[in-house]
Amino acid sequence: MLSSDKASHMEAYILVLGMLAMTIWYAWPQIVYSLFIVYDIARTFFPDFVPDAVRILPYL
Amino acid sequence: MVNLAFTLAVAYLVSRRMRSSRVIIDVIVYIFLWIFFVTLQLLIVGLAGFLAAGPLGLLSVIGLMIILSISPFRRELLLLKDDFAQLRDLLGCWWQELPKWVRAVTVAFLAITILRVIFLTWALPPFVWDSLTYHLTNVAQWIQVHRIAVFDTPVQRIFTAANYEVLATWFAVFIHHDAIIELSGLPAYLLAGFSIYAIGLSLDLPAWASWIAAMAYLSTPALTLAITGTKNDPLMAGLYLMSLAIVIHVSRRALKPGLDDDFGPLIALVMGLLYAIGTKAYIIHQIPGLVLTAVVFSFIAGDGWFWCRVPGMALSELRRRGSSYTIFVSFLIGSALFLGSYWYMRNWILMGNPVYPYGVEIGTIEVLEERKSSFKLSPERFFDNLKLFVSKFGDKQARITPDLSDTTGWGWIAYGMGIPAAIWALIRRNNYRIVAAGFLLSFLGLMLSSPTSPWNMRYMIWFPALFALAIGLVFSWLDAIPKVGTLLRGLFIFTMSMDLLMVMNYNLVKVSTFNRMLSLPVLERDAALLHVHVPEEYESVIEYVPVEAILGYNVFENGFVYPLFRSDFSQEIVYIPIAADDSCEQIAQAMEARGTRYLLVAPEHTPDGIIAKLRDCARSETVIRDRAGGLYVIKR
Chain A
1 MLSSDKASHM EAYILVLGML AMTIWYAWPQ IVYSLFIVYD IARTFFPDFV PDAVRILPYL
Chain B
61 MVNLAFTLAV AYLVSRRMRS SRVIIDVIVY IFLWIFFVTL QLLIVGLAGF LAAGPLGLLS
121 VIGLMIILSI SPFRRELLLL KDDFAQLRDL LGCWWQELPK WVRAVTVAFL AITILRVIFL
181 TWALPPFVWD SLTYHLTNVA QWIQVHRIAV FDTPVQRIFT AANYEVLATW FAVFIHHDAI
241 IELSGLPAYL LAGFSIYAIG LSLDLPAWAS WIAAMAYLST PALTLAITGT KNDPLMAGLY
301 LMSLAIVIHV SRRALKPGLD DDFGPLIALV MGLLYAIGTK AYIIHQIPGL VLTAVVFSFI
361 AGDGWFWCRV PGMALSELRR RGSSYTIFVS FLIGSALFLG SYWYMRNWIL MGNPVYPYGV
421 EIGTIEVLEE RKSSFKLSPE RFFDNLKLFV SKFGDKQARI TPDLSDTTGW GWIAYGMGIP
481 AAIWALIRRN NYRIVAAGFL LSFLGLMLSS PTSPWNMRYM IWFPALFALA IGLVFSWLDA
541 IPKVGTLLRG LFIFTMSMDL LMVMNYNLVK VSTFNRMLSL PVLERDAALL HVHVPEEYES
601 VIEYVPVEAI LGYNVFENGF VYPLFRSDFS QEIVYIPIAA DDSCEQIAQA MEARGTRYLL
661 VAPEHTPDGI IAKLRDCARS ETVIRDRAGG LYVIKR
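Residue numbers (this note's numbering), protein chains in the order written: chain A, 1 to 60; chain B, 61 to 696.
Think of the hints as simulated: they come from the structure by calculation, not from any bench. Small disclaimer: the values here were computed from a predicted structure and weren't measured. Warning: the hint list may mix true and false statements.
Every beta carbon over 12 Å from chain A, so not counted as near; a handful from chain B, in silico [to be verified]:
1) Ala-113
2) Leu-140
3) Ala-171
4) Val-210
5) Pro-511
6) Trp-537
7) Asp-559
8) Met-562
9) His-591
10) Asp-676
Below, computed lysine to aspartate or glutamate pairings styled on DMTMM-like, alpha-carbon distance capped at 20 Å [unchecked claim]:
11) B/Lys-543 with A/Glu-11
12) B/Lys-340 with B/Asp-539
13) B/Lys-543 with B/Asp-466
14) B/Lys-570 with A/Asp-48
15) B/Lys-570 with B/Glu-599
16) B/Lys-695 with B/Glu-664
17) B/Lys-570 with A/Asp-40
18) B/Lys-456 with B/Asp-466
19) B/Lys-160 with B/Asp-539
What follows is a set of in silico ranges between Cβ atoms, one per label pair, in the way DEER data are often shown [said to hold, decoys possible]:
20) B/Glu-596 with A/Val-32: 35 to 41 Å
21) A/Phe-49 with B/Lys-456: 31 to 37 Å
22) B/Arg-380 with A/His-9: 51 to 57 Å
Don't be surprised by glycine CBs; every beta carbon is placed ideally from N, CA and C.
With the hints as extra help, turn the sequences into a complete structure.
What follows is the structure, encoded as structure tokens:
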């Protein structure tokens, strides 16, 4: 492998790791809102399998 | 359908005379021309007082007959078949050249987006704040009285430039109902998406990477929420990005002699900017960014003075193409001037101020005086806006909803992938630096003037396009590298999925609310019944006020008026002004003088003093009685 290829690979890894880091940084609090959406849908369509949020809260 | 055929045919015939050297530019010009002619015909017909399905249908039939009776036009329309065949072949080649994973993502993205738009349009009535105060209030009033004109209401923002509202009218006037009015954002969505794709190609991205950039932008929550939210900001984003795509395309041909094939897109550029002024005046603050992009790209192409020579070249081109083409161009530019200036001229004549209900302040100088509020251009406002932007950066303060309260709404792709990609592209790609400088200048121009409110990032929904283009550049560089490419694809699919997930229910509406609306027949899903922002009091109108009666209302300048019209615009409404010291009898007389027995008021939409006064009137057994929550009726 040429040294320029290695440098380019390193740059690529740094860039993608930067993207991963920014995605994790952005996740809070958006992930919570998205989980609300999923929970709301799941609770509506499968009320027997998805427990009431009030009953889950003591375990959190 | 006849009017659709008519407007599509007119846009097609005009676009054939504006063809460029690139198909994608022709596509965005065609979409824009359709938007343009739909707005133009409705504005003319509306001003003449014939805004109804019948007259519009008749106009369309006559228009189509004229087109078909002129043999050159007829022959050109027959060429539509060849154009479709050519487009189909091009699409086929394009699809074959897409990497397999991009094809899979494309199918999923298009399926989810189409289903989302159809479902939300079908299930919910309009509910976004500005739509219920003034955008759709204009639409409903115009359709009800068959005329585009001002009317008596405390919501003074009905006076603002309204090209979007005219376009939205097209989605309601034929069926006399708001059932599909949320589709009025779709033309702007298409315009924005194809424009990003065209810009990507101009930045020398391969087609598949340009398409990734387009999908990345089209997934931006602030944009997708506004598209079905009956707001005018997506149209502004589409027009700005179209202008940018044309500017870059034309600038890059700077050294070629004459304008030749690119004269058409230049006409569309002028028309687009004028149309944008008639939609929202803030495009003026974005234009310096377009100018910077144009000058630098033409400089790099070898002729920094290219844009100074454009007017001369345009005149030569007109001479070369003959007098009939000059008349054609004059008609287009004249129509665009009309759409760009009508609202301001009307306000100037009626209210003595072209930008009524606002004034204009530059620094400490009051250029146009208006008592209530002003467009302020000052360093203080600029720094206040920058501070506000910093506080919203990262969308940490609140969930992203259509009103963009305290958020930027740029979403997972823009923040997660877009910002690192933009930093990389700024370091590594010359062309991208120029585009970024143009975006930044437009952004700063808006910061200088936009109101410092929690909702002001709605003017910036075009900005994430910069991040989307950077993502396209990164993909074109990294996709071939085995492990990195896989990671990149995974991240793209994850962030796009998260962006799409949050807009499925506007990040706001509960399933139980959907269920309630779905339990009603489609044509009875009134905005007054959807209590996302609308108070319960508005429901009293649907329940207790007869359709044939006139309904009185009293709200303040940012109150909801639209839900009172009902979804089929059948309820005639009238504003009842009430002064703080009016007696119950005086209120009743004001109602009767305007031909109504009913008066609706609602908390957070009507001044508290007036609500308290009406409650007192009802309690003390005057002629004003409490009919239901917020609804009062005169008993004599």
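Hey, B/Lys-456 versus B/Asp-466, does the alpha-carbon distance stay inside 20 Å? holds (9 Å)
Separation of B/Pro-511 from chain A, once the least beta-carbon distance is taken, above 12 Å: Answer for B/Pro-511: holds, closest chain A Cβ roughly 26 Å.
Please work out if B/Lys-570 and B/Glu-599 have their alpha carbons no farther apart than 20 Å. holds (19 Å)
Exclusion check [B/Val-210 not at the chain A interface, CB over 12 Å]: holds (40 Å)
Outside-interface status for B/Asp-559 - nearest CB in chain A farther than 12 Å: About 9 Å separates B/Asp-559 from the closest Cβ of chain A, which leaves it inside 12 Å; violated.
Beyond 12 Å on every Cβ pair: is that true for B/Trp-537 relative to chain A? Violated, since 8 Å does not exceed 12 Å.
Would the pair B/Lys-340 and B/Asp-539 pass a check requiring their Cα atoms to be no farther apart than 20 Å? Given pair B/Lys-340, B/Asp-539 is violated - Cα atoms ~40 Å apart, limit 20 Å.
With the threshold set at 20 Å, check whether the alpha-carbon distance from B/Lys-570 to A/Asp-48 stays at or below it. Answer holds: B/Lys-570 to A/Asp-48 is near 19 Å, not above 20 Å.
Is B/Lys-570 close enough to A/Asp-40, meaning Cα to Cα at most 20 Å? holds (7 Å)
Status of the stated non-contact between B/His-591 and chain A (beta carbon gap over 12 Å): holds (17 Å)
Pairwise hint evaluation, B/Asp-466 against B/Lys-543, where the allowed Cα distance is 20 Å at most: violated (38 Å)
Measuring Cβ to Cβ, find out whether B/Met-562 lies farther than 12 Å from everything in chain A. B/Met-562 is in fact no farther than 12 Å from some Cβ atom of chain A, at 6 Å.
Consistency with the previously given hints fails for numbers 6, 7, 8, 12, 13, 16, 20, ordered from lowest to highest.
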